[in-house]
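Chemist: Sequence:
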Amino acid sequence: MPFVPASQPPAQPSPEAWCFAFVQRDLLLPAGEPLAGPVGGLALAALLGGASGRHYLGTLAGADCWAVALPEPPPGWEPRPLRAAMMALEPRLSALAGRAAQVLEWDRAHRFCGVCGTPTELQPGERARICPACRHASYPRLSPSMMALVWRPGELLLARSPHFARGMYSALAGFVEAGESLEECVHREVAEEVSVTVDNLRYHGSQSWPFPHSLMVAFTARWTGGTIVPQAGEIEDAQWFPLDALPGIPPRFSIAGHLIRDTLAAMQAGGFD
Numbered sequence: 000m001p002f003v004p005a006s007q008p009p010a011q012p013s014p015e016a017w018c019f020a021f022v023q024r025d026l027l028l029p030a031g032e033p034l035a036g037p038v039g040g041l042a043l044a045a046l047l048g049g050a051s052g053r054h055y056l057g058t059l060a061g062a063d064c065w066a067v068a069l070p071e072p073p074p075g076w077e078p079r080p081l082r083a084a085m086m087a088l089e090p091r092l093s094a095l096a097g098r099a100a101q102v103l104e105w106d107r108a109h110r111f112c113g114v115c116g117t118p119t120e121l122q123p124g125e126r127a128r129i130c131p132a133c134r135h136a137s138y139p140r141l142s143p144s145m146m147a148l149v150w151r152p153g154e155l156l157l158a159r160s161p162h163f164a165r166g167m168y169s170a171l172a173g174f175v176e177a178g179e180s181l182e183e184c185v186h187r188e189v190a191e192e193v194s195v196t197v198d199n200l201r202y203h204g205s206q207s208w209p210f211p212h213s214l215m216v217a218f219t220a221r222w223t224g225g226t227i228v229p230q231a232g233e234i235e236d237a238q239w240f241p242l243d244a245l246p247g248i249p250p251r252f253s254i255a256g257h258l259i260r261d262t263l264a265a266m267q268a269g270g271f272d
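End of the sequence shown = 272 in numbering that gives the first Met the number 0, gap-free, step of one.
Hint data in this document are derived by calculation from the structure and do not stem from the laboratory.
Idealized CB from N, CA, C, for every residue including glycine.
Heads up, a few of these hints could be off.
Said to hold, decoys possible - Have a look at the derived ranges for each label pair, beta carbon to beta carbon:
(1) 246 <-> 194: 40 to 48 Å
(2) 39 <-> 151: 24 to 32 Å
(3) 246 <-> 117: 47 to 55 Å
(4) 247 <-> 187: 23 to 31 Å
(5) 187 <-> 129: 43 to 51 Å
(6) 181 <-> 12: 38 to 46 Å
(7) 190 <-> 12: 51 to 59 Å
(8) 194 <-> 60: 48 to 56 Å
(9) 87 <-> 114: 22 to 30 Å
(10) 49 <-> 87: 33 to 41 Å
(11) 176 <-> 129: 25 to 33 Å
Using the sequences and the hints, build the whole thing.
Modeler: The following block contains the structure:
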């Protein structure tokens, strides 16, 4: 059964629940075990009862799902960095862990009104915090970011930022600015980061990226001109790589990994133009 999102907990909670519990930005997992199923009984009571914040997410296969913030791990649970934990979980649980992290980050960052400074209140029935003084509403934030894989016949343009793991290269990426379309962002970021021009933009896919609240939107783009000039301070290196000699690339856990591998396969099959 698919995940069914909701913000209001049911009148009759399920006897077992998926608890995506966090201590700061670390996800809690059963000590020495994978997160294999929902928890119930005393374990569920301990997670929900000790929460400094909790938010209902919906149901997965009939079991309630909760995002839970805890001051410290309860006995039998250990913190794991979110990215590492998500890579270890099956896809549907990884996605829910990312959703939980973003909901908790929204709750943490909007305890006070950004307009007048008054403490905000949770709004029943929707995912919002409302200021009781000026009625300003704060909803979970999303920061759209484009990703562009630039190509020309037989080659892909890949780049690395200073914070990447050694030897790792990826597609270009950057945040969408106010008043800008996704397509305009692709053209601007490609020009800024590597000084080349592109056309023939093709949408590839998107991925929620909870670090802390991004939405990655991936495109391929055909090179039309220009010589690579890496942007100082942003791009450590950028090169054209032959299809049969790519450097280290991100795993399929990230949309960058899918984008590069899927485009490579399409180009090698001769069906990409």
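Chemist: Does 33 to 41 Å hold as the CB distance between residue 49 and residue 87, or does it fail?
Modeler: violated, 24 Å
Chemist: With 43 to 51 Å as the target window, see if residue 187 and residue 129 comply at their CB atoms.
Modeler: Taking Cβ atoms as reference, residue 187 and residue 129 lie about 36 Å apart, which means the hint is violated.
Chemist: With respect to the beta-carbon atoms only, verify the hint that residue 246 and residue 117 lie 47 to 55 Å apart.
Modeler: holds, 51 Å
Chemist: Looking only at beta-carbon atoms, does the pair residue 194, residue 60 fall within the given range of 48 to 56 Å?
Modeler: This hint holds: roughly 50 Å between Cβ atoms.
Chemist: Do the Cβ positions of residue 39 and residue 151 conform to the proposed distance bound of 24 to 32 Å?
Modeler: violated, 56 Å
Chemist: With respect to the beta-carbon atoms only, verify the hint that residue 87 and residue 114 lie 22 to 30 Å apart.
Modeler: violated, 41 Å
Chemist: Is 38 to 46 Å right for how far apart the beta carbons of residue 181 and residue 12 are?
Modeler: The hint (38 to 46 Å, Cβ to Cβ) holds, given that residue 181 and residue 12 are roughly 40 Å apart.
Chemist: For the range 40 to 48 Å, tell me whether the beta carbons of residue 246 and residue 194 fit it or not.
Modeler: Violated, since residue 246 and residue 194 (Cβ atoms, about 20 Å apart) do not stay within the stated range.
Chemist: Using the beta carbons of residue 190 and residue 12, state whether their distance is inside 51 to 59 Å or not.
Modeler: Holds, since residue 190 and residue 12 (Cβ atoms, about 53 Å apart) stay within the stated range.
Chemist: Is 23 to 31 Å right for how far apart the beta carbons of residue 247 and residue 187 are?
Modeler: About 27 Å separates the Cβ atoms of residue 247 and residue 187, which means 23 to 31 Å holds.
Chemist: Does the Cβ-Cβ separation between residue 176 and residue 129 fall within 25 to 33 Å?
Modeler: At 28 Å between Cβs, range holds.
The structure fails hints 1, 2, 5, 9 and 10 (numbered hints given earlier, in ascending order).
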